[in-house]
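Participant: Two chains, two frames, a set of hints: combine them into the complex.
Going down the list, the sequences are from chains A and B. Per the numbering used here, the first sequence starts with residue 271, numbered consecutively. Per the numbering used here, the second sequence starts with residue 1216, numbered consecutively.
Please note that the accuracy of each hint is not assured.
What follows is a set of in silico ranges between Cβ atoms, one per label pair, in the way DEER data are often shown [said to hold, decoys possible]:
(1) Y320(A) - Q1246(B): 13 to 23 Å
(2) Q1295(B) - L354(A): 38 to 48 Å
(3) A1308(B) - H299(A): 14 to 24 Å
(4) E338(A) - Y1286(B): 31 to 41 Å
(5) A1232(B) - G286(A): 48 to 58 Å
(6) V282(A) - G1231(B): 42 to 52 Å
(7) S1267(B) - V282(A): 37 to 47 Å
(8) L309(A) - P1229(B): 25 to 35 Å
(9) E338(A) - Q1246(B): 26 to 36 Å
(10) S1235(B) - Y320(A): 35 to 45 Å
FYI, nobody ran anything at the bench for these hints, they're computed from the structure. Note that the Cβ used here is the ideal one computed from N, Cα and C, for glycine as well.
Below are the chains, spelled out letter by letter.
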Amino acid sequence: EPEVTQTPSHQVTQMGQEVILRCVPISNHLYFYWYRQILGQKVEFLVSFYNNEISEKSEIFDDQFSVERPDGSNFTLKIRSTKLEDSAMYFCASPSSTDTQYFGPGTRLTVL
Amino acid sequence: QKEVEQNSGPLSVPEGAIASLNCTYSDRGSQSFFWYRQYSGKSPELIMFIYSNGDKEDGRFTAQLNKASQYVSLLIRDSQPSDSATYLCAVSAGGGADGLTFGKGTHLIIQP
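Only chain B is shown next, with the shape it has when bound in the complex (with noise of 0.2 Å):
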């Protein structure tokens, strides 16, 4: 059973600091990772992916991932209220058929 695990949170970061979002699986097979955004009533909307250990940054937005323990996290900068949103982890084994194995998200909130 593939199992992504992050905790639910609600995270509450203030403005203009850095918010940290964790998350591991269980599936070592797991070749790809990603990092949704999903404001409250809407669909998924992708931010970051990664497929390499190390890190991957994008704008205000860096990716960090560490096959070995298992674990991927997101980092975002700046924070703003606007990113106020639950963030979801997902991992799949890559290649076109696998469906993302996502975790339940975790809820940040940014004080203004």
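If we strip away everything but chain A, and leave its shape as in the complex, we get (with noise of 0.2 Å):
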């Protein structure tokens, strides 16, 4: 299985303050996925990004949120104005060379 890495493993931030979570996708491959996980709950699609661009976002993906490509490798997600319900397991995910997705170990987020 193709590897996806996620830094940190867990941050503990204060609401209020900004938090960003790095990941390094599978090399070559120009899509990039971030998910998040609330305890308990399912996984929830936040964001795809294709060739620095936003492709698609959903609901949860508000001005709080944005994504970025600082250099060939990385990809970042930035969370503003950390709020306590923004809690949860960060996942970042890469495709293969077919439809799949291929998700990273994940970055526990706990506001304060």
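Facilitator: This is the structure we're talking about:
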């Protein structure tokens, strides 16, 4: 299975602070996705990113969120002014050569 | 609103038996169907994908798709205790931009 890496594995922040979550997707793929999973709930799609642009986003992905590709290999999800309800696991996913998506290990975000 | 429905379980199956997991989806435009396995505290792990009506087998796993009934299933033969996990059904409209819509998952317990 192709490998997707994420950092940090756990991020603790104070409400109102900004956090940046990082992901290194499978190399040589232009599509990239972010999902979140609140504890005990289903995995929810946030945004897909293609060739340095947002391709599709869900209702969850409001102005509080942004995605960037700061260099050729890393992708980031920025959450501005975090809220308690932003506490969740955040997963990035990268496709293989087929239509499949492989998930990274996730970042557990805890907002206090 | 795209919906994916799964029985949350727990589904308890004796070791060595066949585990049958089911999923229905609401969007008739869905083209791609996936089964992920998620252990507690871990990220979703892709185990099967299916695009066409009928059966698809991979080792002990068989995915079944019936687009007319909007129904997807996963059979696990010769169930092992290590198969105990939450199984997530996910669908997409196909194409790279589309995020996956997940069900809440079925918690499977394989009894030794």
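Participant: State for each hint whether it applies.
Facilitator: Consistency of the hints with the structure:
1. Take Y320(A) and Q1246(B): their Cβ atoms lie about 18 Å apart, and the range 13 to 23 Å holds.
2. Against the hinted window of 38 to 48 Å, the Cβ-Cβ separation of Q1295(B) and L354(A) comes to about 39 Å, which satisfies the hint.
3. A hinted range of 14 to 24 Å holds for the C-beta pair A1308(B) and H299(A), which are about 19 Å apart.
4. Between E338(A) and Y1286(B) the C-beta distance comes to about 39 Å, which sits within the given range of 31 to 41 Å.
5. A C-beta distance of roughly 51 Å is found between A1232(B) and G286(A), which places it inside the suggested range of 48 to 58 Å.
6. Separation of V282(A) from G1231(B) is about 44 Å and conforms to the stated range, judged on CB atoms against 42 to 52 Å.
7. Against the hinted window of 37 to 47 Å, the Cβ-Cβ separation of S1267(B) and V282(A) comes to about 45 Å, which satisfies the hint.
8. Remark: the range hint 25 to 35 Å for L309(A) to P1229(B) is upheld by a beta-carbon distance near 30 Å.
9. Hint check: E338(A) to Q1246(B), Cβ distance near 30 Å, so the stated range 26 to 36 Å holds.
10. Between S1235(B) and Y320(A) the C-beta distance comes to about 37 Å, which sits within the given range of 35 to 45 Å.
Hint compliance for this structure: no hint is broken.
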